[in-house]
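Build the full structure now, drawing on both the sequences and the hints.
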Amino acid sequence: MDNLLYILTYIAVTASAISGALEARKYNMDIVGATTTAFVTAFGGGTVRDLLLGRTPVFWLTSPWLVVIVFIVGAISFYRIDTISNNLLAIADAIGLGLFSILGATYALQLDLSPVVAVLMGVVTGIFGGVLRDLFCNRIPSVFRQNTELYATCSFIGTWVFIFLHWLNIDSFISAAIAATIIFILRIAAVRFKMTLPAPKIGKGV
Amino acid sequence: MDNLLYILTYIAVTASAISGALEARKYNMDIVGATTTAFVTAFGGGTVRDLLLGRTPVFWLTSPWLVVIVFIVGAISFYRIDTISNNLLAIADAIGLGLFSILGATYALQLDLSPVVAVLMGVVTGIFGGVLRDLFCNRIPSVFRQNTELYATCSFIGTWVFIFLHWLNIDSFISAAIAATIIFILRIAAVRFKMTLPAPKIGKGV
Amino acid sequence: MDNLLYILTYIAVTASAISGALEARKYNMDIVGATTTAFVTAFGGGTVRDLLLGRTPVFWLTSPWLVVIVFIVGAISFYRIDTISNNLLAIADAIGLGLFSILGATYALQLDLSPVVAVLMGVVTGIFGGVLRDLFCNRIPSVFRQNTELYATCSFIGTWVFIFLHWLNIDSFISAAIAATIIFILRIAAVRFKMTLPAPKIGKGV
Numbered sequence: 116m117d118n119l120l121y122i123l124t125y126i127a128v129t130a131s132a133i134s135g136a137l138e139a140r141k142y143n144m145d146i147v148g149a150t151t152t153a154f155v156t157a158f159g160g161g162t163v164r165d166l167l168l169g170r171t172p173v174f175w176l177t178s179p180w181l182v183v184i185v186f187i188v189g190a191i192s193f194y195r196i197d198t199i200s201n202n203l204l205a206i207a208d209a210i211g212l213g214l215f216s217i218l219g220a221t222y223a224l225q226l227d228l229s230p231v232v233a234v235l236m237g238v239v240t241g242i243f244g245g246v247l248r249d250l251f252c253n254r255i256p257s258v259f260r261q262n263t264e265l266y267a268t269c270s271f272i273g274t275w276v277f278i279f280l281h282w283l284n285i286d287s288f289i290s291a292a293i294a295a296t297i298i299f300i301l302r303i304a305a306v307r308f309k310m311t312l313p314a315p316k317i318g319k320g321v
Numbered sequence: 116m117d118n119l120l121y122i123l124t125y126i127a128v129t130a131s132a133i134s135g136a137l138e139a140r141k142y143n144m145d146i147v148g149a150t151t152t153a154f155v156t157a158f159g160g161g162t163v164r165d166l167l168l169g170r171t172p173v174f175w176l177t178s179p180w181l182v183v184i185v186f187i188v189g190a191i192s193f194y195r196i197d198t199i200s201n202n203l204l205a206i207a208d209a210i211g212l213g214l215f216s217i218l219g220a221t222y223a224l225q226l227d228l229s230p231v232v233a234v235l236m237g238v239v240t241g242i243f244g245g246v247l248r249d250l251f252c253n254r255i256p257s258v259f260r261q262n263t264e265l266y267a268t269c270s271f272i273g274t275w276v277f278i279f280l281h282w283l284n285i286d287s288f289i290s291a292a293i294a295a296t297i298i299f300i301l302r303i304a305a306v307r308f309k310m311t312l313p314a315p316k317i318g319k320g321v
Numbered sequence: 116m117d118n119l120l121y122i123l124t125y126i127a128v129t130a131s132a133i134s135g136a137l138e139a140r141k142y143n144m145d146i147v148g149a150t151t152t153a154f155v156t157a158f159g160g161g162t163v164r165d166l167l168l169g170r171t172p173v174f175w176l177t178s179p180w181l182v183v184i185v186f187i188v189g190a191i192s193f194y195r196i197d198t199i200s201n202n203l204l205a206i207a208d209a210i211g212l213g214l215f216s217i218l219g220a221t222y223a224l225q226l227d228l229s230p231v232v233a234v235l236m237g238v239v240t241g242i243f244g245g246v247l248r249d250l251f252c253n254r255i256p257s258v259f260r261q262n263t264e265l266y267a268t269c270s271f272i273g274t275w276v277f278i279f280l281h282w283l284n285i286d287s288f289i290s291a292a293i294a295a296t297i298i299f300i301l302r303i304a305a306v307r308f309k310m311t312l313p314a315p316k317i318g319k320g321v
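Top line first, the protein sequences correspond to chains F, Z and Y.
Take any residue in the first sequence, note its place counting from 1, add 115, and you have its number in the working numbering.
Take any residue in the second sequence, note its place counting from 1, add 115, and you have its number in the working numbering.
Take any residue in the third sequence, note its place counting from 1, add 115, and you have its number in the working numbering.
Don't read these hints as lab results, they were simulated from the structure.
Calculated pairs, SDA-like style, for lysine to any residue (alpha carbon to alpha carbon, straight line, at most 20 Å):
1. Z:Lys141 / F:Arg254
2. Z:Lys309 / Z:Phe299
3. F:Lys309 / F:Gln261
4. Z:Lys141 / F:Ala314
5. Y:Lys309 / F:Asn143
See below:
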C-alpha cells in the first residue's frame, strides 16, 4: 500500500513539475524560472500547509529525492517537451489534487484542529501550488477565474466526505482512498463537461 | 471589555471580507477566488505576523468560527451585495487597522523584541491583508501607491504612541485603547481630507 | 574577521535597499511602498529561508539596527538619489549574493539536511529578495527571465563548491570565503560579458 502511495505521489509531483515548467516557457522565462516554477507548482501547496501548521523544516527539505526529481522533470520539460497530451496532464494533476487534499486534512486532524480548518488545509494543500505558479507568472490565479472548471470545489467536497467518514470512525486508509477517488472523479468530470461555478448576476461596480 | 474586543474584531473582519470579495468580483473571479480573497484580506496580516514570529499553528486555525464568518460574508458579498457605502466600509476598515496594529505590536513585545520591530509587526499586521489581496488581484498593492491616502502611516504613528505609553508603564488596556483610537481617527481624517505622502521631486529614471 | 563579515553584510543590505527603493519609484509607489520594497529586497531571501527551516522569530526581528538602516537607506534613496552607478550597485549586490548564499547553505547543514537542499537554501537565500521585490512591483521576477545575466546560477555553482569543500573537511571559514568569492566573480563576469542561459529551441505553445 505504501508503494502505491509512493507511485501516486511521484505521478502527481511529476505532473505539477511539467505543468509549471511549460507555463514558465510561455512567459519567456529561462531555465531558472522554469525549474523554480516547476518546484513551486509541485511543492507550493504542501509548503503553505506546513508553514501555517508550524510543521518545519517543511516536508521537501527532508525529501531530497523528490526535490531532484522535480528539477530534472522541470528542466527536461522546459528544453525537450514540445507538445504534451492535455488529457494525460489533467489526469495526473487530478491524482495529485485528490492525494494532497486528503493529506492536508489529515495533518490538520493530527493537530486536533476543527473539521472546518481541516477542510481548509486540505483545499490549500490541493490548490496553492497552482496559485503560486500563477503569481510567479504574474497573472490572476486560474483556479480563481470564472471560466475555470471546478477545481477547489472538488477538493472541498471530497475533503468534507473524508472528515465525515473519519467522524464515523471508518478506517483512515479506506476513508482516504474513497475521498481521494471522489475528488479525482469530480475533477475529471468537471474538465470533461466544462463545469464551472455560477457567476454573480449583479454588476461589477461597487 | 472582552465583549467589546470581540465585537470590534468581528466588525473589522467582516469589513475586510466584504472588501476582498467585492475586489475579486471586479477582476472576474469566481466564488472560489472571492472567498479566498476575502479570507486573505481578513487574515493575511495576522498570518504573516504569526509566521514571522513563529506563532504556529497560525491564529485562525484555532478560530473556526472566524473562518466560517469570513467565508459566509465573502460569499454573500460576492453574489448579493450590489452597492455598499464606501464610508461605512472605510469606518469598519479603520477599526480593524487600529485593532490589529496594536495586537501585532503586543505580540512582538510579549517576545521581548525591540520597539522598532514591535512597531513593524504592528504595521505588518495592519496592512498585509490588503497587500496580499492586491497581489492576488495582480496589481501593485494600493497601500504602496502615491495617490493612496495615509494608511500604513496611521498604523505607524499610533503604534509608536502605544510603545511610548507602554514604556511609561501605563496600563496596557488603556494604552491600547488610546493608540487604536488615534490610528482610527488618523485614518478617517486621511480619507476625509485626502491626505497623501509627499512624492519625490526627482525623476523616475535611475 | 567578524568585523569584515559585519561590513560586508551592511554593504550588501544597503545595496539591496537602494535597488528596492529605486525600483519602487519607477512604479509610482510612495514612501511606504519604497521602504517596504527596500525591506523585502534586503531581507526577503533570508526570511523565506528562516520560515522554511523553522528558524523563528526570523533573523531581522532580533536585529533592530539592520531594520533601521534599511528604512533610512530606502527613504533616502527614494527622495534623494537621482542617479546611481549601476556598476557600483552590481558589485555591492554581488557581494550580498555570495555572502547570503553561503549563509543559507550553512544554516541548512546545521540542521543536518542533505547537500541538495542545502544548495537550494543557499540559492533561495541569495535570490528571493529580488523575486519578492518584483512580485510587489507586479512583474515576472527578473531573475527568471531569458535575457537576464546569470544570477541564481552563480549562487548554485558557488554553493556546490562550498558543500564540496565542507565534505572535504576544509575549515568552514576558508570554505565559505572561497565559495562566496567564486559566486562574486561569476556574477561580475556574467554582468560584464552578458552571459545568459540557453533558451529552449522549441516553440512556446503546449
